[in-house]
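Asks: Required output: the full structure, derived from the provided sequences and hints.
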Amino acid sequence: MSDYILETEQLGLRYGAFAALGSVDLKIRRGTIHTVIGPNGAGKTTLFHCLTGERRPSSGKIRFDGKDLTRQPAHKRVSSGMSRSFQITSLFQNLSVRENLRLAAQGRDGLGALAFWYSDTHRSKHLEKADEVLDRIKLTHLANTDAGDLSHGQQRVLEVGMSLCSDPELLLLDEPTSGMGVDDIPVMTKLISELGKDHTVMLIEHNMKLVMSISDRITVMHQGNILIEGEPEEVRGDERVKKAYLGESGS
Amino acid sequence: MNTSKKQASIFSGVTLAALAAVVLMPLLLPSATLATEILIFALAALGCNLLLGYTGLLSFGQAIFFGGGAYVASLTMIHLGFGLLGALFAAMIAGAALAALVGLLAIRRTGIYFVMLTLAFTQMAYFLAYTLSDWTGGDNGLLDVPRPPLTLFGFEISDLTSSYAFYTFVAVMFMLIFVFARRVIHSPFGTTLVAIRENEGRASAVGFSTNHFKLLAFVISGGITGIAGALYAMLLNFAPLSNIELLMSENILIMTIIGGTGSLLGSLLGAGSIVMLGDLLSSVWPRWMIILGIALIAVVLFMPSGLWGGVESLIKRWKERRSGASEKAAKEAEAK
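Protein sequences appear in the order of chains C and E.
Mind the numbering: the first sequence is residues 1 to 251 in UniProt numbering, read in order.
Mind the numbering: the second sequence is residues 1 to 336 in UniProt numbering, read in order.
Think of the hints as simulated: they come from the structure by calculation, not from any bench.
Remember, it's a predicted structure, so these values are computed and weren't measured experimentally.
Don't take each hint at face value.
To be verified - Pair ranges (Cβ atoms, derived):
id	chain 1	residue 1	chain 2	residue 2	range
1	E	297	C	151	36 to 44 Å
2	E	318	C	41	55 to 63 Å
3	C	179	E	250	40 to 48 Å
4	C	16	E	313	49 to 57 Å
5	C	90	E	322	38 to 46 Å
6	C	208	E	297	25 to 33 Å
7	C	124	E	100	28 to 36 Å
8	E	250	C	140	43 to 51 Å
As the list claims (entries may be wrong) - Coverage of chain E stretches by chain C, computed from C-beta distances (three or more under 8 Å per stretch; other residues unrestricted):
id	stretch
9	66-79
10	202-212
To be verified - Straight-line distance between alpha carbons at most 35 Å, and here's what the computed DSBU-like set of lysine-lysine pairs gives:
id	chain 1	residue 1	chain 2	residue 2
11	C	197	C	76
12	C	125	C	138
13	E	319	C	138
14	C	138	E	316
15	E	316	E	331
16	C	27	C	129
17	C	76	C	27
18	C	243	C	190
19	C	129	E	316
20	C	129	C	190
21	C	125	E	316
22	C	61	C	129
Every residue, glycine too, gets a C-beta built ideally from N, C-alpha and C.
Replies: This is the structure:
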């Protein structure tokens, strides 16, 4: 078993002449919280979309657990052990919180969920999983509330909870604190560092306080390529990172 | 929705309500034939509801499955000597196969393009049926469709010649399919369909290959609609070309929407009200479809969850008032 759960090899994505991703070699070590940061337009989201399977890279390879899944469609990556959350909250708004989680747990069955001849409560493992995650994200008291009626902060927590239901080895979180109020951010910070104990977590994030406090490794991206990678202290002190954020590129 | 609660059996609740309606209809309606027609269209609306109400797919292809089922049942009875159940089975397979074909191509697109593809298929099917007049009778329709007796294991149970006997047979078929549809809805598959309706992107992100689910929804819907078409041909002893017209798709959709999408009883209510409205008004006023238009506008504007949604909110209000009244009575009793 390799030390790295996810590796990209010269990953690139071009839109015509524009290279959204140049040539990215990213390695994510098992059991770490690995954050990707960078100024707007650095290619973080493009990289994320290539990893989740939403975009097909134009060059390079993605290896997960040693297997090449560069061309695997998004929904199949779930049963490989990869799971994601969305930057813009994407829930089943008119269904209860518990049903949201139960469906997410059912997703790992893939085509097994085509079964139409027995009751959805007949096999209770998905419900048990949902209740376990409910407890973990501390939304048990809201289990029967419609997801759309939750506060924004709670919806963001549920958004992360959804990605937990498939028992993933690797969690890909796309700006988990996006749009959250100051009061809610500590809840999310605590949740992610908790998750880091059982899962490998790769996240994209803008909130520097959160990033610096929970990350084991940080990769800084700039103009479609990796600028530097290191531990939080190294990144914090790096001159090139400061320049990139201040927009002094090319000077 | 409370999923932790032990789920109600598929044989109770709305199934009992449907059973009550099926038993009462021939007693209250002027003829058993009218009641039979209602149940047949309720089946077609049920099939449509699986797509529109549960999966969120607006399909104008339902006439293909309805008309296809009617033709296949008629032709297998006339030329191959199929019995009642054999012909219905053939119609179900034909409806499912046609739906698989339409579904396979149409679900490659979403939204308005999906709708346009189903429209185009219906137009094609209509002209195909029109052209193949040696088989379908073309404009004149397929005449002399038999209604074979119901036999099980070689025993003749009923000759089905009386309209009440045929109604009873259709009613049994309806209840079987109604229970089957409830099983489908409350299965892993059915709950995934709702997930796709609610948010297809998320459904795919949690691991469902959504196109497979949509395709199976199409196949099941087509099979049910095919059976409805076959029963309609047996009722009329005739398979008209209008079975496979775009207008048939529209009628089935209107029944589904007026009754209420996303509830199976709604389909029965929708089919019942439209068939009865047509029966009442068509003899008095040939332009009665205008009223249908007004009814559709009213339902869409004022009862977005359809007639059944309206009934449900009335029941809820009545229950609230009753519990409010009993609380009040209890308080008064306490005060004394």
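Asks: Okay, which hints does this one fail, numbers in order?
Replies: 6, 9
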